[in-house]
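Chemist: Single-letter residue listing:
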Amino acid sequence: MEDLKKILTEHTFFKELGEEYFALIVGCASNVRIDAGKMIHREGEEANHFYLIRSGKVTLQLMTPNKGPLIIETLGEGDILGWSWLVPPYTWHFDAKALELTRMIALDGKCLRNKCENDHNLGYELLKRFADIITKRLESTRLQLLDIYGDRS
Amino acid sequence: MATAPDLQSLKVDYKRNPMLPWPFQIRRVKHETEDTFTLELQPQGDLEEFTFLPGQFNMVYAFGVGEIPISISGDPANPRTLVHTTRAVGSVTKAMDKMRRGDILGIRGPYGTPWPIDQANGKDVVFVAGGIGLAPLRPALYEVVTHRDRYGKVVLLYGTRTPTDVLFRQELEHWRARFDLEIYVTVDRAMSGWRGNVGVVTNLIPRAPFDPRDTMAFVCGPEVMMRFTTMELHKRGVDNENIFVSMERNMKCAVGLCGHCQFGSVFVCKDGPVFQYSQIKDMLVKWEI
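Order-wise, the sequence lines are chains A and B. Residue numbers for the first sequence follow this note's numbering, so the first one is 1 and each next one is one higher. Residue numbers for the second sequence follow this note's numbering, so the first one is 1001 and each next one is one higher.
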């Protein structure tokens, strides 16, 4: 538990989060190891976790008819995987697969949702952090949609 | 296809007449991707060497079709071979794409400002390339690799459309195998067989291994990509004065006379194409200049 707390407090995602919240968060955290090629979650499944990637590489992908899985984004060390646990109906919108051996800290979303309901300050702190991630992903997606490399001569 | 002009009749010193194309013969054509190709050219007549600085461009003339600016993508340490890499998108590049070994192109140049590599001595160097923007950066990469001991960390962040659009694949693999270069490639989309990164090139900047307080960054790609890249570099802590970008405009005369490439108060052909970011950043977001 001490190790988990150390990792969480040092992670940029939890930077400047009040010390009083770490006991709550550590209570919802566990280490996970996913072998290369294994699915972490599939689209439509219940989303009850998010993950801090400690090492390895994860692909976010979408199954497309006839073409198979289309990779939307890859995430690696230091990245956060998943925000569907935070937004109803709490189901995953993409598949996530470990491209290589991946070690992560899983945070129990159900447990955290309850804690956030009971303590709105904690909820606000977490939402601010996820809003930042969601904004960056939205910005990246917009750039990808622009297909900017298509027209340069 | 075009044939060689009578060299005896060309009694002109091409260096004294910047408007006169000099004949170069195609020695090798290499198709890099589906729509991108590299031409290796050899000067004809009494011109044995063609020296240039990384980041400079030439006006390339496909006889009977037209003349366009193309950055030089070869090694400045090899002045006997001139190398251009381009995409077949317009009438001139499409005509060039059909040319074969032995065909002749007209060349005027080299023109424009180079990447200020000498200012990066002792510092980390970060190259950020988007799509075909890797081609104008390659001469600077050659230069840095040749004099590797002069620099701190050397990082290339390269983003392109799909795995099949990756330029200079073999060279990137070769550089990636070296312990003193950090090469990161990402694509905008990929199918499941791709084991590399997927996402925009700006995503690579926050964790790229360089010291932002002591880094020079050279950026080349579509303008939108350069805008977001410079923002991310700035966020990481790189001063705008240490960020250099290569601009692209419709250059015609290439010597600052015709005004085709005017960009605010500067001419891209003469004052650029390589600019210090702080010099042009306010103009990049204007709707009209």
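If you're looking for bench data, these hints aren't it; they were derived computationally from the structure. Nothing here was measured: the structure is a model prediction, and the numbers come from that model. Be a bit skeptical, because a hint or two may be false.
[Claimed, not checked] Just some of the chain B residues that point at chain A, by a computed CB distance under 7 Å:
| hint | residue |
| --- | --- |
| 1 | Met1019 |
| 2 | Leu1020 |
| 3 | Gly1131 |
| 4 | Thr1160 |
| 5 | Arg1161 |
| 6 | Thr1162 |
| 7 | Pro1163 |
| 8 | Thr1164 |
| 9 | Val1166 |
| 10 | Asp1188 |
| 11 | Gly1193 |
| 12 | Val1198 |
[Said to hold, decoys possible] Computed cross-link-like contacts, EDC-like style, restricted to lysine to aspartate or glutamate with a CA-CA straight-line distance of at most 16 Å:
| hint | chain 1 | residue 1 | chain 2 | residue 2 |
| --- | --- | --- | --- | --- |
| 13 | B | Lys1123 | B | Glu1040 |
| 14 | B | Lys1030 | B | Asp1103 |
| 15 | A | Lys67 | A | Asp79 |
| 16 | B | Lys1281 | A | Asp132 |
| 17 | B | Lys1235 | A | Glu19 |
| 18 | B | Lys1098 | B | Glu1040 |
[Claimed, not checked] Below, a sample of chain B positions facing chain A; criterion: calculated Cβ distance under 8 Å:
| hint | residue |
| --- | --- |
| 19 | Leu1181 |
| 20 | Ala1190 |
| 21 | Trp1194 |
| 22 | Arg1207 |
| 23 | Pro1222 |
| 24 | Met1225 |
| 25 | Arg1227 |
Note that CB positions come from ideal geometry on N, CA and C, so glycine has one too.
Chemist: Check each numbered hint against the structure and report the violated ones by number, ascending.
Modeler: 1, 2, 6, 7, 8, 9, 11, 13, 15, 16, 17, 19, 25
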